[in-house]
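Kindly generate the complete structure, drawing on both the sequences and the hints.
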Amino acid sequence: MTLYIARRLLWTIVVVLCVIAITFAVFYLLPAGDPALRFAGKNPTTAELTLIRHRLGLDQPWWKQFLRFAYHFFRGDKYGWPGLGYTYASGTSVKSLVFARAPRTLFLIAGAATIWLFSGVAIGILSAVKRRTLIDRLAMGFALFGISTPVFWLGLIALYLVWAKLGLTGGTGYVSPVDSISGFFSHMILPWIVLAMLYAAFYARMTRNNLLETLGEDYIRTARAKGLTERRVIFKHGLRASLTPIVTMFGMDVALLVGGAVITESVFNLQGLGYLAINEALQQDLPVVLGVVLIASVAVAIANLIVDILYAFIDPRVRYA
Amino acid sequence: MNGGRGLLDVRGLTVRFPTPDGVVQAVSDVTFTLARGETLGVVGESGSGKSVSNLAIMGLLNRARTVISGEVLFEGRDLLTLPPDELRKIRGKDIAMVFQDPFACLHPMYRVGAQISEAVLAHEHVSKDRAWARAVELLDRVGIPNAKSRARDYPHQFSGGMRQRAMIAMALVHNPAILICDEPTTALDVTVQAQILELIEDVKREFDIGVILVTHDLGVVAETANSVMVMYAGRIMEYGPSAQIFTQPQHPYAWGLLDSMPSVEERLETLVPIEGSPPSLLAPPSGCPFHPRCPYRFEPCPTERPPLVAPAPEAHLDACHLPWDKKVELGSQRGSKQAAA
Numbered sequence: 004m005t006l007y008i009a010r011r012l013l014w015t016i017v018v019v020l021c022v023i024a025i026t027f028a029v030f031y032l033l034p035a036g037d038p039a040l041r042f043a044g045k046n047p048t049t050a051e052l053t054l055i056r057h058r059l060g061l062d063q064p065w066w067k068q069f070l071r072f073a074y075h076f077f078r079g080d081k082y083g084w085p086g087l088g089y090t091y092a093s094g095t096s097v098k099s100l101v102f103a104r105a106p107r108t109l110f111l112i113a114g115a116a117t118i119w120l121f122s123g124v125a126i127g128i129l130s131a132v133k134r135r136t137l138i139d140r141l142a143m144g145f146a147l148f149g150i151s152t153p154v155f156w157l158g159l160i161a162l163y164l165v166w167a168k169l170g171l172t173g174g175t176g177y178v179s180p181v182d183s184i185s186g187f188f189s190h191m192i193l194p195w196i197v198l199a200m201l202y203a204a205f206y207a208r209m210t211r212n213n214l215l216e217t218l219g220e221d222y223i224r225t226a227r228a229k230g231l232t233e234r235r236v237i238f239k240h241g242l243r244a245s246l247t248p249i250v251t252m253f254g255m256d257v258a259l260l261v262g263g264a265v266i267t268e269s270v271f272n273l274q275g276l277g278y279l280a281i282n283e284a285l286q287q288d289l290p291v292v293l294g295v296v297l298i299a300s301v302a303v304a305i306a307n308l309i310v311d312i313l314y315a316f317i318d319p320r321v322r323y324a
Numbered sequence: 003m004n005g006g007r008g009l010l011d012v013r014g015l016t017v018r019f020p021t022p023d024g025v026v027q028a029v030s031d032v033t034f035t036l037a038r039g040e041t042l043g044v045v046g047e048s049g050s051g052k053s054v055s056n057l058a059i060m061g062l063l064n065r066a067r068t069v070i071s072g073e074v075l076f077e078g079r080d081l082l083t084l085p086p087d088e089l090r091k092i093r094g095k096d097i098a099m100v101f102q103d104p105f106a107c108l109h110p111m112y113r114v115g116a117q118i119s120e121a122v123l124a125h126e127h128v129s130k131d132r133a134w135a136r137a138v139e140l141l142d143r144v145g146i147p148n149a150k151s152r153a154r155d156y157p158h159q160f161s162g163g164m165r166q167r168a169m170i171a172m173a174l175v176h177n178p179a180i181l182i183c184d185e186p187t188t189a190l191d192v193t194v195q196a197q198i199l200e201l202i203e204d205v206k207r208e209f210d211i212g213v214i215l216v217t218h219d220l221g222v223v224a225e226t227a228n229s230v231m232v233m234y235a236g237r238i239m240e241y242g243p244s245a246q247i248f249t250q251p252q253h254p255y256a257w258g259l260l261d262s263m264p265s266v267e268e269r270l271e272t273l274v275p276i277e278g279s280p281p282s283l284l285a286p287p288s289g290c291p292f293h294p295r296c297p298y299r300f301e302p303c304p305t306e307r308p309p310l311v312a313p314a315p316e317a318h319l320d321a322c323h324l325p326w327d328k329k330v331e332l333g334s335q336r337g338s339k340q341a342a343a
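In order, the protein sequences belong to chains A and B.
In this text, residue positions in the first sequence follow my numbering: the first is 4, and each later residue adds one.
In this text, residue positions in the second sequence follow my numbering: the first is 3, and each later residue adds one.
Derived from the structure by calculation, the hints contain no laboratory data.
Be aware that a few hints might be false.
Claimed, not checked - Listed below are the simulated BS3-like cross-link pairs for lysine-lysine, each with C-alpha atoms no more than 27 Å apart in a straight line:
no., chain 1, residue 1, chain 2, residue 2
1, B, K150, B, K130
2, A, K239, B, K328
3, A, K133, A, K239
4, B, K130, B, K91
5, A, K133, B, K130
6, A, K98, A, K67
7, A, K98, A, K81
8, B, K95, B, K130
9, A, K67, A, K81
10, B, K150, B, K95
11, A, K239, B, K130
12, A, K239, B, K91
13, A, K67, B, K130
Remember, it's a predicted structure, so these values are computed and weren't measured experimentally.
This is the structure we're talking about:
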């Protein structure tokens, strides 16, 4: 198992490097503006531009820049390890910029994921157990609503009603829990719920379908034949077997949100990682984009690894060597 | 058999599944008695209602989607009308069941010992350690070597035969009065089949239980059953002592079944299949359900359903319009034909 984890971690590095290389390639192959122009300020001379291009390494072919980036990444630079360089726009450390934004996104994901996991699975179970009753139909109606409602619409409606009209929560923007715990929660509760809504709907549907499928298995009949209570049959025998795909999905969803919660971050003005990546991509600020891509791809790779390790605990048939 | 009260009295058991395409008449008017120490063999083709009738007895059919009528009397109580929770207390305690496919019937994510001790705890308030010890003891009893360490294995670490042994161990946890075995050997290797049947026979004798052995393998029944019930299209075609069924079968369907059974002595060419295929239970044939495939059908067969009665004082029960002397004549012809071949 330890060997397996070590090997997987090694692969993680390879995967992340590949992702970075592809990001580099995309950046240079797509026709776009000149980053040096942004760096130079107003009315630069040609000589200044050439100098800036040289200093930023923009006059090198992309693969050389990539190697230089990788070298600095592993060796660290003047801002410490890992070396992510400085932004084109302001010349400040990408690392500190990304690390300042990361907690916002991570808090957003952690809260939303907790909500959607528990509510989605609970609704799914209820729906499966009360199959074809009013409860089932209501739950699946909720799921349909959650899946079909765009986050930007739901987010704005929630802000309008709960914040602007009722004044129950804090508004947009981010409050660090270090500054004010109550302020943090009052600003995060809406984004959590709105982001969780979509996922909870998917999880409810998936839990319901998995559980119904599992309850048709022969070993469930065995459990009933033993004389177990229906509660035990469903919660111990049924749920255990239907959770595996949910664990997979959960790992992927959480990881993908690290760089992908853009809409929620924008609507609630949280200024997280996804928001940062989109903005800077539009500004041609390659180092910042690379920093976010790096974090996001590491998150995906690590989440995958954790899911695979969890598998070995959930399902005894899975063994890694 | 003798009309007296047995361990289990099933009377007029009828199971219907309403579906969008119509009502599936899975089991119709099944009546039989099981005594302690008796093995009742239930034979028939796939879809003849063998398994469904047993699931109905165990209360394992979804009550919301099935219409069940008749009586299943066990210790003076009708299992079909018991509230679900009362029935649950009997299930796995007084009546236990072993299923067809041991590969699918054990939960893949729990240890074998845990699944058996869970069966202990379902009906008995003992400590987990006691329950586990009982599981190990039973695994040992059903012939699992190193039961103590194998109890910690997961089902996928067991072979098919061992899994079926584990299922039997699970069924024996509370010394049940009745053990229902639904095709217990169908999914197993031939060499293992004999061992499992032997094990079932052993525990029957040791615990003095009544066994219902469902199978489509007549060889299995011939070896172990005291009485045999032949089912077709959800109905009983013939029901009597095992010795009589195999030596003097009375129903043309039973003849067909026996003639289509391969035996070691005969050459394969002498196997005679039953022409046609089992009827749809959505619209079973009128009259005798077997009449479309029966070579001896005559004028009442398509319209009148033959009752399950003994056609002569020395005969056992069958559901066939043929007169008794005709059956004797055809039966003996069949015997001589087989002897000639």
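The hints, checked one at a time:
Taking the CA atoms of B/K150 and B/K130, the gap is about 15 Å. The hint holds against a cut of 27 Å. For a cut-off of 27 Å, the pair hint linking A/K239 to B/K328 is broken: about 59 Å separates their Cα positions. Distance restraint check for A/K133 and A/K239: the Cα-Cα separation of roughly 17 Å lies within the 27 Å cut-off, and the hinted pair is therefore satisfied. For the hint linking B/K130 to B/K91, the alpha-carbon distance of about 19 Å falls within 27 Å, and the restraint holds.
For the proposed pair A/K133 and B/K130, the alpha carbon gap of about 32 Å is over 27 Å, so the pair is violated. Straight-line distance between C-alpha atoms of A/K98 and A/K67 comes to about 21 Å, which keeps the hinted pair within the 27 Å bound. Distance hint between A/K98 and A/K81 is fulfilled; the C-alpha atoms sit about 11 Å from each other, no more than 27 Å. Proposed proximity of B/K95 and B/K130 is supported: the alpha carbons are some 18 Å apart, at most 27 Å.
Of the supplied pair hints, the one linking A/K67 and A/K81 holds, its CA atoms being roughly 20 Å apart against a limit of 27 Å. With a C-alpha separation of about 24 Å, the suggested pair B/K150 and B/K95 falls inside the 27 Å cut-off, and the hint holds. Taking the CA atoms of A/K239 and B/K130, the gap is about 16 Å. The hint holds against a cut of 27 Å. Using a Cα cut-off of 27 Å, the hinted pair A/K239 and B/K91 holds, with the two alpha carbons roughly 19 Å apart.
For the given pair, A/K67 sits about 65 Å from B/K130 by alpha-carbon distance, which is inconsistent with the 27 Å threshold.
The structure fails hints 2, 5, 13 (numbered hints given earlier, in ascending order).
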